[in-house]
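Q: For reference, the chains in residue letters:
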Amino acid sequence: MKAERDFQVVNHSVRKVDAWQLATGYPSYTADLAPAGCLHVKMLWSPHAHARLRSVDIAAAERMPGVRCVLYHGNVPRHPYTTAGEGFPEPSPYDQFVFDRKVRFVGDRVAAVAAETPAQAEAALAAIRVDYEVLEPVLSLEAALAPGAPVIHDEPDAYLPIPMPYCPQENIVARVGMEDVGDFADGLARADVRLDQTFETQYVQHAPMETYVAWAALDGRNRIQITTSTQVPFHCRRLVAQALGLSVGQIRVIKPRIGGGFGSKQEVLLEDLVALFALRTRRPVLWELSRAETFTSGRTRHPIRVRVRAGVTRAGALTALGLDCTANTGAYGGHGIPVVMCCGSKVLPLYRAETVHFAGQIVYTNLPVAGAYRGFGATQAYFGTEQVMDQLAEGVGLDPLEFRLRNHIRSGETSPVFAALGEGKEGVPMTIGSCALEACLRQGAAAIGWDRRRPHTEKTGRLRRGLGMAALMQGSSIPRIDMGAASIKINDDGSFNLLVGATDLGTGSDTVLAQIAAETLGVAVDKILVYSSDTDLTPFDVGAYASSTTYLSGMAVKKAAADARGQVLRVAAAMLAAPVEGLLLEGGVIRAAPDRSVTLAQVAHYALYERDQFQIIGTASHVTEKSPPPFAAHFVEIEVDTWTGAIRPLRYVAAVDCGTPINPKLAEGQTEGAVLNGISFALTEQYLFTPKGRLKNASLEDYHLWSLRDKPPIQAILVSSFEETGPYGAKSVSEISINGAAPAIGNALYNAVGVRLHQLPFTRERVWRALQSHAPE
Amino acid sequence: MKIKAVRRPETPEQARDWARELGEQALYVAGGTGLHFMTDPAEMVAIPLDRIGLRGVECSGRHYRIGALTPLADVMNYRAERWAFHETGRRTATHQIRNISTVGGNICRVFPWCDLPVALLALEATMVLLGDDGYAVPADDYFASQPARRLANGDLLLAVDVPVLEAHMGFGYRKEVICHSGFSLMTVAARLRLEGDRIRDARVAAGAALPFPARLKQVEALLADQPATPDTFARAATEGVREVAWKGREDWSDAYAAHAAAIAVRDALDRALTFARRRDW
Ligand SMILES: Cc1cc2nc3c(=O)[nH]c(=O)nc-3n(C[C@H](O)[C@H](O)[C@H](O)COP(=O)(O)OP(=O)(O)OC[C@H]3O[C@@H](n4cnc5c(N)ncnc54)[C@H](O)[C@@H]3O)c2cc1C
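Just so you know, the protein sequences line up as chains A and B, in that order.
If you read the first sequence in our numbering, its first letter stands for residue 208, the second for the next number, and so on.
If you read the second sequence in our numbering, its first letter stands for residue 23, the second for the next number, and so on.
Hints are not guaranteed to be accurate.
Simulated pairs of lysine-lysine, DSS-like, Cα-Cα distance not exceeding 25 angstroms [stated by the list, open to error]: (1) A/LYS766 - A/LYS734; (2) A/LYS903 - B/LYS269; (3) B/LYS26 - A/LYS899.
The set of hints was computed from the structure by calculation and includes no laboratory data.
Note that the coordinates shown come from a computational prediction; the quantities given were computed from them, not determined experimentally.
I would like the entire structure built from these sequences, with the hints used as guidance.
A: Here it is in structure tokens:
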């Protein structure tokens with residue numbers, strides 16, 4: 208795809224800056240870097256969904272061979288904190304402790320051992336005696352909200368650090384919402400076609416290749432150095448300090464290469480304990496969760512029940528669009544509030560509706576803990592809203608594509624929802640800048656062959672095909688909350704060190720940021736040496752979440768590079784005895800005239816060693832004022848086996864407007880990956896529990912994640928737009944495309960066989976049962 | 023389980039002798055992928071079979087002999103006249119598993135999801151074993167209970183003999199999984215022998231949704247001497263599986279497993295019929 212403007216480095220698919228290192232297996236990941244002689248941590252996880260610990264006896268475990276330290280609630284500091292890595296103050300309750308006297312889900316922390324070998328630590332766990340007072344578990348939204356339900360968070364010291372009522376006595380973290388836009392009831396009443404349907408999404412897991420892993424060691428000055436697979440190094444430092452009652456200055460957090468996160472590592476799950484063990488033992492300490500532990504005790508996607516109410520006139524205008532969302536946050540409340548608010552803020556503005564309603568609540572249960580996951584609320588809400596849009600279109604006799612083309616938000620328009628809903632507080636008013644959704648819809652429709660779509664009533668036979676679509680938007684950063692910073696300094700040879708707190712977790716963001724710096728400085732990308740992230744060395748950045756890195760951190764990089772460029776030009780002007788304004792910096796050379804030039808290396812030398820010596824160093828911070836949505840139109844063709852209920856996606860087209868794709872190959876990769884992630888979410892992934900709340904399928908054998916062998920052909924189309932507020936016109940691309948598959952497949956299912964499912968995943972049995980009750984001819 | 027020592031034999035006889043000597047502690051290791059599922063904490067002495075040969079497929083005219091140490095990938099890639107067994111291998115687990123899992127490993131300790139037992143039952147295969155001497159056991163007998171029990175005394179599987187499909191015979195195999203790398207939730211294999219437009223006899227077996235792979239005798243009875251038509255298949259599939267206690271695993275209910283069984287039987291029969299009628303293979 209051609210960008211709207213011409214660039215030298217940006218909008219080119221340069222090779223990832225870490226490609227060589229990763230492809231050759233150079234030790235790069237957290238566990239690779241752990242020092243020899245580390246102690247190993249193993250955790251005794253709760254076997255009960257809800258229990259009080261009457262007593263924990265660690266004496267025998269402490270005497271076991273190789274054991275160096277055993278920690279439990281009786282010998283650790285007690286400070287409430289949240290594991291959610293978010294800006295301060297976090298919109299998440301401080302409802303966790305390093306260890307507590309109560310366990311709240313199967314897989315909650317009970318006690319931990321640090322020993323010389325993993326086997327010794329494991330053996331010592333068996334020697335810990337725990338007397339549990341088993342309490343009635345709360346294993347569903349209904350059970351949690353029933354009058355007289357057992358209270359999951361009855362500890363008096365938990366609280367919500369933002370000004371919002373915290374209601375743990377009702378098993379509710381918080382209720383969120385906004386004032387209705389217009390008279391919603393009247394909007395519904397005026398509609399010619401009205402719908403009121405409830406949709407439900409399931410527990411799923413990010414399942415990154417690299418599980419949770421962290422290690423800590425004390426340095427010569429007794430400071431704690433934590434090396435960890437995290438998306439949020441700076442939040443991690445702050446939250447570990449909070450959990451352990453330390454000062455931030457005592458802690459250094461280093462993020463090496465990361466083997467994927469998808470939101471799961473926007474949590475601080477291991478770092479507090481490795482730090483505490485390192486302090487207690489004065490030895491380096493490594494903790495690596497197994498895949499089963501990652502499933503059971505890691506973070507998941509909030510299952511959300513979404514009631515969608517909407518109305519449309521015969522002419523196809525939306526008179527009402529409303530969502531009521533009830534999210535299951537599991538045993539702890541991290542991220543629940545912003546996730547539910549994003550159900551509204553990332554979804555409702557997509558369509559111009561005369562009246563709008565939004566309300567949500569976040570509910571505790573004794574099930575696994577939910578957290579941030581790519582899509583962050585939008586995924587759950589789009590599942591319902593985009594199926595409702597198809598039904599409204601059908602109700603007024605419009606093609607779903609035409610219906611969306613008529614109603615979607617456009618450049619220059621706004622939505623009151625932007626100002627009403629932020630993340631943990633009200634939002635920021637925003638006018639849409641770039642928007643190529645119409646082009647996405649048209650190009651995507653052409654690519655899939657939308658004009659072949661026929662109603663399900665015309666289809667017969669065992670195998671029936673259907674076409675479905677969904678329109679989407681997301682955001683780019685959290686405005687007036689997120690901050691990213693960068694610094695860039697020149698070296699003797701004209702290369703630059705770019706230091707960013709932004710967190711490449713495998714996405715390629717280091718490469719994208721290097722491209723932005725290179726474009727600004729007029730050099731090739733290999734002249735930019737990126738280093739991310741180290742809280743001692745790199746400037747602050749909130750981290751990798753909320754689709755922020757390219758848009759937010761990218762802008763910080765652009766500003767820092769512009770600062771450095773200004774200094775370069777001033778030095779060059781002195782060297783060339785020419786005015787700055789007339790200089791041209793390109794390809795590492797600064798020219799005053801065709802025959803009068805200096806190289807960047809000469810400039811660096813001059814500044815570092817020759818005259819008026821100083822370090823050319825640019826630094827900048829950036830806070831976003833808006834969160835420009837990327838837009839997308841997804842199309843899928845499926846084949847349904849009406850005898851078994853099996854759904855087979857045949858082809859998928861994702862047309863995405865992410866502004867200028869800084870690196871088109873990486874943007875396509877993000878899109879394809881997110882689509883596959885979304886298909887897997889729609890069709891096969893789910894947590895299965897025993898009646899007592901234990902996860903039954905905590906392994907990649909039993910948790911059905913789609914792999915490349917399952918992948919249908921996926922066509923990613925990058926549709927050009929230019930976002931004036933983004934670096935070189937860029938917006939975000941990484942989250943949006945996970946949101947389309949569930950509703951698009953739902954719509955395709957209807958188009959194939961005339962049944963609609965309101966619950967994910969679309970398992971064969973569910974589809975088959977729906978077909979049975981629908982009794983197709 | 024824990025491996026406390028390793029002894030690597032050079033011949034099948036040496037393997038057998040060592041296994042007998044070690045008794046309950048002996049563990050033959052072929053591909054070794056099955057160890058993943060053996061959660062018994064016992065300490066064992068591994069007897070890797072990688073140097074004893076028994077690898078490859080040969081045709082003797084009446085049957086194909088598949089060496090017990092033949093990797094599933096080789097079975098999948100093998101092609102010859104009236105050979106249909108690759109149908110099964112193609113659908114087993116992942117490339118990585120197929121590259122190391124062996125035919126012997128798949129049928130000496132049968133897990134519910136194992137693909138080969140079902141196919142071997144339908145194909146009327148014979149297992150060739152080494153006890154005191156060599157001996158042969160027909161599939162019906164071999165899979166009547168968990169073979170690992172029969173082999174506990176150190177007997178070694180040497181090969182599997184699969185009869186060459188005669189003219190007018192066809193083989194069909196159907197496997198249901200949630201996604202490609204998943205375990206089988208339903209496996210059905212069918213062998214049909216046609217006589218003109220009629221079915222002379224049929225052997226149909228199922229697994230995964232049963233506690234142990236088994237012939238579906240009722241289905242077979244409903245097929246014998248009937249016209250080879252979709253109606254016959256539909257009736258046999260529906261009525262023939264009714265009395266079987268199907269077990270749903272993962273996200274399948276028992277009721278859905280029963281429904282899926284009927285469909286899988288029908289599909290396997292359809293496939294077998296197509297095979298039987300093909301003249302060019
Ligand atoms: C993730 C995963 C998914 C899988 N999915 C499937 C699937 O969908 N379908 C399927 O069919 N299989 C599947 N398998 C393979 C199957 O479960 C077994 O692991 C495999 O068939 C064992 O073969 P092996 O050669 O590795 O045997 P091993 O693990 O070496 O041995 C298995 C058992 O057989 C014994 N044994 C081996 N060879 C002999 C012999 N010659 N004589 C006597 N005893 C012997 C061993 O002592 C041991 O008890 C899967 C495996 C894994 C790990």
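Q: Could you run down the list of hints and mark each one as holding or not?
A: Hints, one by one, checked against the model:
For the hint linking A/LYS766 to A/LYS734, the alpha-carbon distance of about 18 angstroms falls within 25 angstroms, and the restraint holds. This hinted pair checks out: A/LYS903 and B/LYS269 have alpha carbons roughly 17 angstroms apart, not beyond 25 angstroms. This hinted pair does not check out: B/LYS26 and A/LYS899 have alpha carbons roughly 37 angstroms apart, beyond 25 angstroms.
Consistency with the previously given hints fails for number 3 only.
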